[in-house]
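Engineer: The whole structure should be built from the sequences, with the hints applied where relevant.
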Amino acid sequence: MKTLQWSIFTIIVVTVLLFSISTYFNQLDQQYFQEHQQELTTTETIINPDGETTNYFYADTPYTITYKLFLWAYLFIPFILVITLGIRYILSHPPHYFQSLIIPVSFVVLTFILQAKNIYAAVGWEKSFGIILVSLYCGIVLSLVAIINLIIASQKRK
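Under my numbering, the first residue of the sequence shown is numbered 990, with each subsequent residue one higher.
If you are wondering where the hints come from, they were derived from the structure by calculation, not from laboratory data. Please note: incorrect hints may appear among the correct ones.
[What the hints assert, rightly or not] Between beta-carbon pairs, the in silico distance windows are:
{"no.": "1", "residue 1": "A1111", "residue 2": "V1002", "range": "24 to 30 Å"}
{"no.": "2", "residue 1": "T1034", "residue 2": "S1009", "range": "37 to 43 Å"}
{"no.": "3", "residue 1": "E1041", "residue 2": "F1101", "range": "42 to 48 Å"}
{"no.": "4", "residue 1": "I1036", "residue 2": "S1132", "range": "49 to 55 Å"}
{"no.": "5", "residue 1": "V1112", "residue 2": "V1005", "range": "36 to 42 Å"}
{"no.": "6", "residue 1": "A1048", "residue 2": "A1110", "range": "55 to 61 Å"}
{"no.": "7", "residue 1": "V1002", "residue 2": "E1041", "range": "51 to 57 Å"}
{"no.": "8", "residue 1": "I1066", "residue 2": "E1041", "range": "42 to 48 Å"}
[What the hints assert, rightly or not] With a straight-line Cα cutoff of 27 Å, these simulated DSS-like cross-link-like pairs (lysine-lysine) come out:
{"no.": "9", "residue 1": "K1057", "residue 2": "K991"}
{"no.": "10", "residue 1": "K1106", "residue 2": "K1116"}
{"no.": "11", "residue 1": "K1116", "residue 2": "K1057"}
{"no.": "12", "residue 1": "K991", "residue 2": "K1145"}
Ideal Cβ positions, reconstructed from N, Cα and C, are used throughout, including at glycine.
Structural biologist: Structure, rendered in structure tokens:
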């Protein structure tokens, strides 16, 4: 049980920390863009036989790369951590298959809680799209751990 609690605690700490850092840099990025929108925006007007089309191009802020780095870290590090800790738990406790699923389930619940603000703030199709993306992400993690742990548990029983 101690291994299970430690695994869940590790996942919660890493996920919340990476989410908080990426959210912080996202807010800095948006705030900087709002304050320097004129300097960061360039336009290109294309004249067609049908009329004019204006394309807008936006330069990165000083926070864009850092935000993207932590966003990708938030998406992949907890994902890999959940799979690794789930496998590690089932290897040390082969008869406890359903207990091994507590690790990805706790991650799924945490992910929906963390993303709730973003999903709630979205409007229209963005809200539906956000729910679909978060559900797919969580479903993939849960399915992978469930399948891998089932294979390991069945092989350990033989």
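Engineer: Just to be careful, I want the Cα atoms of K1116 and K1057 compared with a cutoff of 27 Å; is the pair within it?
Structural biologist: With a Cα-Cα distance of about 21 Å, the restraint between K1116 and K1057 holds, given a limit of 27 Å.
Engineer: Is 42 to 48 Å respected by the C-beta to C-beta distance linking I1066 and E1041?
Structural biologist: 46 Å, holds
Engineer: Given the range 42 to 48 Å, decide if the beta-carbon distance of E1041 to F1101 lies inside it.
Structural biologist: 45 Å, holds
Engineer: Could you say whether the range 37 to 43 Å given as a hint is met by the Cβ separation of T1034 and S1009?
Structural biologist: 41 Å, holds
Engineer: Is K1057 close enough to K991, meaning Cα to Cα at most 27 Å?
Structural biologist: 35 Å, violated
Engineer: Between I1036 and S1132, does the C-beta distance stay in 49 to 55 Å?
Structural biologist: Holds: the Cβ-Cβ distance is about 52 Å, inside 49 to 55 Å.
Engineer: Are the Cα atoms of K991 and K1145 separated by 27 Å or less?
Structural biologist: 21 Å, holds
Engineer: For A1048 and A1110, compare the CB-CB distance with the range 55 to 61 Å and indicate the outcome.
Structural biologist: Distance hint for A1048, A1110 is violated at roughly 25 Å.
Engineer: Look at the Cβ atoms of V1002 and E1041 and judge whether their distance stays inside 51 to 57 Å.
Structural biologist: With Cβ atoms ~53 Å apart, the hint holds.
Engineer: Look at the Cβ atoms of V1112 and V1005 and judge whether their distance stays inside 36 to 42 Å.
Structural biologist: 26 Å, violated
Engineer: The hint says 24 to 30 Å between A1111 and V1002; measuring C-beta to C-beta, is that right?
Structural biologist: For V1002 against A1111, whose Cβ atoms are near 27 Å apart, the range 24 to 30 Å holds.
Engineer: Does K1106 pair with K1116 here, judged by a C-alpha cut-off of 27 Å?
Structural biologist: Distance ~11 Å between K1106 and K1116 Cα, so the pair holds.
In the structure shown, a violation is registered for the earlier hints numbered 5, 6, 9, in ascending order.
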